[in-house]
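The lines below spell out each chain.
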Amino acid sequence: MKINQTINKTPVFQVLTEDQCEQIYNAALDVVERTGGRFFDYEALKLLKDSDAVVTDDNLVRIPASMVEQALKSHPSKITLTGRNEKNSIKLERNVVNFGTGSDQPFTYDRETGKRRPSTRRDVAEASKFVDYLSNYDFLMSHGIARDVPNSATYDRHQFLAMIENCTKPIIVTAVNAEGLEDQWKMACLIRGNEKEFRLNPLFAVYIEPSSPLKHTREALEKLLFAADKGIPAVYTPCPSAGATSPATIPAMLVQSLAETLQASVLSYLRKPGMPLIMGGVVTILDMLTSAYSYGAPELSLASAAYTDVAKWLGIPMFSTGGCTDSKVIDEQAAAEATTSLFYAYLSGANLIHDVGYLDSGLTASLDTLVMCEEIIGTVRQIGKGICTEDDHLAWQVIDEVGPGGEYLTHDHTYRHWKEWFVPRLQDRADYDTWVAEGQKTMNDRVREETERILREYQPEPLDEKVHQEMKRILDEAEKRHDS
Amino acid sequence: MADIMERIAEALIIGKIDEVGTLSQEALDNGATPEEVMSKGLFAGMDVVSTKFKNQDMFIPEVLRSAKAMHAGMDVLKPVLTEGADSSMSGTVVIATVEGDLHDIGKNLAAMMLEGAGFRVINLGIDQKAKDIVKAVKENNPKILGLSALLTTTMPRMPEVIEALKQEGIRDQVKVIIGGAPVTQEFADEIGADAYAANAALGADKAKELL
Chain A
6 MKINQTINKT PVFQVLTEDQ CEQIYNAALD VVERTGGRFF DYEALKLLKD
56 SDAVVTDDNL VRIPASMVEQ ALKSHPSKIT LTGRNEKNSI KLERNVVNFG
106 TGSDQPFTYD RETGKRRPST RRDVAEASKF VDYLSNYDFL MSHGIARDVP
156 NSATYDRHQF LAMIENCTKP IIVTAVNAEG LEDQWKMACL IRGNEKEFRL
206 NPLFAVYIEP SSPLKHTREA LEKLLFAADK GIPAVYTPCP SAGATSPATI
256 PAMLVQSLAE TLQASVLSYL RKPGMPLIMG GVVTILDMLT SAYSYGAPEL
306 SLASAAYTDV AKWLGIPMFS TGGCTDSKVI DEQAAAEATT SLFYAYLSGA
356 NLIHDVGYLD SGLTASLDTL VMCEEIIGTV RQIGKGICTE DDHLAWQVID
406 EVGPGGEYLT HDHTYRHWKE WFVPRLQDRA DYDTWVAEGQ KTMNDRVREE
456 TERILREYQP EPLDEKVHQE MKRILDEAEK RHDS
Chain B
344 MADIMERIAE ALIIGKIDEV GTLSQEALDN GATPEEVMSK GLFAGMDVVS
394 TKFKNQDMFI PEVLRSAKAM HAGMDVLKPV LTEGADSSMS GTVVIATVEG
444 DLHDIGKNLA AMMLEGAGFR VINLGIDQKA KDIVKAVKEN NPKILGLSAL
494 LTTTMPRMPE VIEALKQEGI RDQVKVIIGG APVTQEFADE IGADAYAANA
544 ALGADKAKEL L
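Chains as they are written, first to last, in the numbering used here: chain A, 6 to 489; chain B, 344 to 554.
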């Protein structure tokens, strides 16, 4: 029998040490205390003025570190999100990784014309179906915007309905403002049964974004305050562009981003302690030739992984980014960029890896990218499983049995273990002649075929009709309120 | 005289901010008119920068540094420019992010590119109500009005600005260019804007075309 054994169950990946995480955190506290942020909401400012925070120049808020640390302690250290099918539950706990799509791409590739056009409610519905079907996706974000709705001020509710109708997994929603969030929350409460059930077992988290550097809009703040009231998990995270809306060096970008989330943490605490908070964001560069906000840059992977180390050190769930590209089409660039960011986000141990399937720097959606990334995530998860060096895996007795010049194909050990390997469904390994005989298909061809098959064949579990009608009623009432 | 103009342009291209200021003063001291320094030194230099940027030989931070150098030259020239003379080669632009939208990095980049292209830019800032934009147009009499929006929920403010210009009877006095990530040529056509630009550099080009 052995003693004093320590093993790696999975690969171990780390960008920053604990000391470096602490440096970033301390610098973020400096920003929160000295530079402050601008808050563009009357209620938020009132809460801050009534506290130990300093409010000057109308809306410039500086907050002492002691308030930040109090606030941080009050957020739950783990969050669980459960879809409308209770089997689809994800944990946001240290090093538990979940993949999901991204939200609100204004354009979609039309499957019939091949042209890029404004996204529609139907695009969101179809994407939701795909996320429901594809087993490597754990959560849903809209993968499009419902732009063909009667009023752009209620798009979020139309979009939510499309998502909940077609996907039984947990969702991360966007909202126009607090009213939009409230309507979506009321709709979700119908599924959980009531408000307290939703608080105990949230169906969705809300995605809220500050405007870097260090500005918080009225809409963002009212959504945050509502989330604090109702205990709705909130992803309060920025999308800074290094060199433009944040400094050009990665640690500084993380310092500023963390400061923005810490400011939100304090505000949620002042309103009502205990709001489940998720940190992170999209941390990448502004491309200095094209001014594109780059989703394919290697810096995105590096910065996201570093930020994940900080989140883990702080004990706050992490919202990271991966599976995305600046390419306008599904080509070699798209595959290369998506793969890189998926790998590093996974290895870093982020809890929510979003924007999987994002094309065209996050502006365009396509169902095919979801299918391509499904395959890539499969390979990533396989590597993430690591290696077991025990007994039947170390298997020296098997080597001994087979002996020099023997074969393993017919051995029982192979029969037992080959199923542990990744089974590719879209990656081709045929010999050349077979590949020719089968039509010389590319990955793109196979992705497209599979996408069309899913579109034709898959139907998600329908929403309970009574609940559905109730939700539609909430939506109709919102439409009436905004009928101008 | 040609020599110092070349040196001003060179210094501007490589982003030597102080040197452009000093050389511009030297040119004035040697008898050049401010208009000559502007066109043969500063704008000549910015033209080269613009071409290099289009050919991917220069990057945005370098372009902006050259623009800073140009400002240093302009600061020297402004006190001696003929009273009332237009200190821009190309005219005035008013630019704003529409109401409800706080995003401004794209707009600010466009403003800097427009200045580099020789425009005088009045940057109204973010979250601008239609009536305030119209007021600024009336006060400044620009050739171009630039509108920016990042959100699909704030894009509808753009046709409202155009409508407000019509109401004031000044729609045909100014060319409207729109931009922002969700904005497209089709949207520009739909709302009766004069042009759409896909990025800041193209915006500066379009502005020149519209003159």
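Hint data in this document are derived by calculation from the structure and do not stem from the laboratory.
Just so you know, even glycine gets a beta-carbon here, dropped at the ideal spot from N, CA and C.
It is possible that part of the hints are untrue.
Residues from chain B shown here face chain A by an in silico Cβ test under 7 angstroms; the list is partial [what the hints assert, rightly or not]:
(1) Ala345
(2) Ile347
(3) Gln399
(4) Phe402
(5) Ile403
(6) Thr495
(7) Asn542
(8) Ala543
(9) Leu545
Quick rundown of the hints versus the structure:
1. Ala345: 33 angstroms, violated
2. Ile347: With a minimum Cβ separation of about 31 angstroms from chain A (threshold 7 angstroms), the hint on Ile347/B is violated.
3. Gln399: 6 angstroms, holds
4. Phe402: 4 angstroms, holds
5. Ile403: With Cβ-Cβ at 4 angstroms, under 7 angstroms, it holds.
6. Thr495: Hint on Thr495/B: holds, closest Cβ of chain A at ~6 angstroms, below 7 angstroms.
7. Asn542: Status holds, d = 5 angstroms.
8. Ala543: 6 angstroms, holds
9. Leu545: 10 angstroms, violated
Hint compliance for this structure: hints 1, 2 and 9 are not met, and every other hint is.
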